[in-house]
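With the sequences and hints as input, model every part of the structure.
Those sequence lines, one after another, are chains X and E. full-length UniProt numbering applies: residue 1 is where the first sequence begins, and numbers increase by one. full-length UniProt numbering applies: residue 1 is where the second sequence begins, and numbers increase by one.
Keep in mind that the hints were calculated from the coordinates and are not lab data. By construction, the Cβ of each residue, glycine as well, lies at the ideal position given by its N, Cα and C atoms. Mixed in with the good hints there might be a few duds.
Quick look at which bits of chain E chain X covers, simulated, 3 or more residues with Cβ under 8 Å [what the hints assert, rightly or not]: (1) 10 to 23; (2) 33 to 46; (3) 96 to 108.
Straight-line C-alpha distance at most 20 Å; calculated DMTMM-like pairs for lysine to aspartate or glutamate [what the hints assert, rightly or not]: (4) X:Lys26 x E:Glu100; (5) X:Lys3 x E:Glu122; (6) X:Lys26 x E:Asp42; (7) X:Lys33 x E:Asp42; (8) X:Lys26 x E:Glu9; (9) X:Lys14 x E:Glu89; (10) X:Lys7 x E:Glu128; (11) E:Lys61 x E:Glu9; (12) X:Lys132 x X:Asp174; (13) E:Lys73 x E:Asp35; (14) X:Lys14 x E:Glu100; (15) X:Lys132 x X:Asp114; (16) X:Lys7 x E:Glu89; (17) X:Lys266 x X:Asp201; (18) E:Lys50 x X:Glu32; (19) X:Lys14 x E:Asp35.
Per label pair, the in silico range of CB-to-CB distance [unchecked claim]: (20) X:Gln279 x E:Arg51: 26 to 32 Å; (21) E:Asn70 x X:Ser29: 20 to 26 Å; (22) X:Ser60 x E:Arg51: 33 to 39 Å; (23) E:Thr139 x X:Ala22: 35 to 41 Å; (24) E:Lys110 x X:Ile63: 28 to 34 Å; (25) E:Gln17 x X:Ser29: 19 to 25 Å; (26) X:Arg25 x E:Lys82: 27 to 33 Å; (27) E:Lys82 x X:Ser29: 26 to 32 Å; (28) X:Gly62 x E:Phe54: 48 to 54 Å; (29) E:Asn70 x X:Cys66: 50 to 56 Å; (30) X:Ile63 x E:Arg51: 37 to 43 Å.
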Amino acid sequence: MKKSVYKSAMSRVKTSENFEEATYRKLMSEMEKTTPSKINDQKERVRMNTAKKRTITGWSIGIAACAVLSVSLIATNQTAPKLPGQPPTTITQPPISGKVAVNIDGVITEVSADGKSFKVGDLWVQVTDQTKLGSNEPTATAPSEELLQKEFKVGNIVSGYTSQDVGSGKVTADVIYNNMAPAKEEASAPPVTGKAMVNIDGQITEVSADGKSFKVGDLWVTVTDDTLLGIPGPTAAEPSEELLQKEFKVGNIVSGYTSEDLSTGKVNATRIYNNMAPQQ
Amino acid sequence: MYNSYELNESVRRALDQYSQSMIKIAFTYLKNIADAEEVAQDVFLAYLQKRPVFESSEHEKAWLIRTTINKSKNMLKTGWFKSRNPVPEDLSYLPKEENEVLQAVLALDKKYRIPIHLHYYEGYSIQEIAAIMRTKSATVGTWLARGRLILKEKIGGLEDEKISL
Chain X
1 MKKSVYKSAM
11 SRVKTSENFE
21 EATYRKLMSE
31 MEKTTPSKIN
41 DQKERVRMNT
51 AKKRTITGWS
61 IGIAACAVLS
71 VSLIATNQTA
81 PKLPGQPPTT
91 ITQPPISGKV
101 AVNIDGVITE
111 VSADGKSFKV
121 GDLWVQVTDQ
131 TKLGSNEPTA
141 TAPSEELLQK
151 EFKVGNIVSG
161 YTSQDVGSGK
171 VTADVIYNNM
181 APAKEEASAP
191 PVTGKAMVNI
201 DGQITEVSAD
211 GKSFKVGDLW
221 VTVTDDTLLG
231 IPGPTAAEPS
241 EELLQKEFKV
251 GNIVSGYTSE
261 DLSTGKVNAT
271 RIYNNMAPQQ
Chain E
1 MYNSYELNES
11 VRRALDQYSQ
21 SMIKIAFTYL
31 KNIADAEEVA
41 QDVFLAYLQK
51 RPVFESSEHE
61 KAWLIRTTIN
71 KSKNMLKTGW
81 FKSRNPVPED
91 LSYLPKEENE
101 VLQAVLALDK
111 KYRIPIHLHY
121 YEGYSIQEIA
131 AIMRTKSATV
141 GTWLARGRLI
151 LKEKIGGLED
161 EKISL
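Listed below in structure tokens is the structure:
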């Protein structure tokens, strides 16, 4: 075979006339599509994909969490007592078409003579034989007499809903979840018993003659046999002599707490964590 | 590393200088110009994406040829390529002698075609072909000898033609 013949033949083989220009345009368009940082860095692309996936996952989890919270809040609010002073709330105008459920939620301000209608805000609500009492959710517990009283009284807190037009000012309740007396003031009052702990923290400015009392700020603190020494807890290390010296000296830094009233200016320490010399 | 301007320039220069060689190599493998051009485009795309750094223009050409051969092999392996039955490339526009020679080379087994093409068309020596194909020089020598023998039986040839080592 003659070399020149083969070379000549292959040279004559026709290719696309605009191959170079078409290829160049294609390459440039590819280059525009991929930013320089993406062209040669597969890892970055993977990271970006992962980041997007994470973002989507994060949003999904967030939305799911919001949905769960919303459901739980609604469920809680159905059984939670309302403050007597809270104004009744009703949802604003329903849409023109379609059937929507409008919440009935508030304090009864008026009850009809037959006891089968009550007023919440500006809305008269009638309870008929068709009205369901209590929640019909599968996981709901049976309504107690306390939460769903048979008699509607002024001041009672009611919750439920109606599918009728609230614009008429008078509706029939579809469901009444709760009808309960308002919580008494005593029940919501905070406990009066209990003991508060107050920190003792500072530098000793004075020490008594017997060495069992010291002054931190304006407070005289006495260490008794009942005073606990050191930091409690299963993971706490044994107090060293450096951090918890036996002798209270002027200038030492002490920390601890007392359960006694500070207003007297003199307390017994409940616990002393540290009693250490100041750093030089 | 290239900046975008340098990259554009190097791609354009490579297109000008080597695209025909690459198409012909791919054609030797695939026996179809359209497929060969597609492979060549893929090679330039890889060139753009990988931005290889070359020591010389010869190194650059060798990389492009090597990549063309690899991509041609890959295309041959694809299912759609195997399953189709393409119309043979029309080379009737070539002079009779050239047509016969080209058809004879294309009829060779592909392991002989590429060394023959690289030697007779590109002018590479056995060692250079071995480097491009990442094989031993002796193997390339054997392929060339066998390829030439088959061609000689088919179309005759110059027995005294030397192959540079």
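Query raised in the report: Does the Cβ-Cβ separation between lysine 110 (chain E) and isoleucine 63 (chain X) fall within 28 to 34 Å?
Result: 57 Å, violated
Query - Restraint status (C-alpha distance of lysine 33 (chain X) to aspartate 42 (chain E) at most 20 Å) - result: 16 Å, holds
Query raised in the report: Counting residues of the segment 33 to 46 of chain E that have a beta-carbon nearer than 8 Å to any beta-carbon of chain X, does the count reach 3?
Result: holds (count 7)
Requested in this report: Would you check the hint for lysine 14 (chain X) and aspartate 35 (chain E), treating anything up to 20 Å between C-alpha atoms as holding?
Outcome: Holds, at about 13 Å.
Query - Holds or violated: lysine 14 (chain X) to glutamate 89 (chain E), with C-alpha atoms at most 20 Å apart - result: 10 Å, holds
Query raised in the report: Taking only the CA atoms, is the gap from lysine 132 (chain X) to aspartate 174 (chain X) under or equal to 20 Å?
Result: 6 Å, holds
Query raised in the report: Under the criterion that the straight-line Cα-Cα distance not exceed 20 Å, is the pair lysine 7 (chain X), glutamate 128 (chain E) satisfied?
Result: Given that 20 Å is the threshold and the Cα spacing comes to 18 Å, the pair holds.
Requested in this report: Check whether three or more residues of the segment 96 to 108 of chain E sit with their beta carbon closer than 8 Å to a beta carbon of chain X.
Outcome: holds (count 7)
Query raised in the report: Does the Cβ-Cβ separation between asparagine 70 (chain E) and cysteine 66 (chain X) fall within 50 to 56 Å?
Result: 52 Å, holds
**Report entry** Coverage claim, chain X over the segment 10 to 23 of chain E, checked by counting residues with Cβ within 8 Å (three needed)
**Finding:** With 7 residues in contact (Cβ-Cβ under 8 Å with chain X), the coverage given for the segment 10 to 23 of chain E holds.
Report task. Sort out whether aspartate 201 (chain X) lies within 20 Å of lysine 266 (chain X), counting only the CA atoms. Result -> 14 Å, holds
Report task. Could you see if the CB distance from arginine 25 (chain X) to lysine 82 (chain E) stays within 27 to 33 Å? Result -> Holds - the Cβ-Cβ distance for arginine 25 (chain X) and lysine 82 (chain E), about 31 Å, lies within 27 to 33 Å.
Checked against the numbered hints given earlier, this structure breaks hints 4, 20 and 24; the rest are met.
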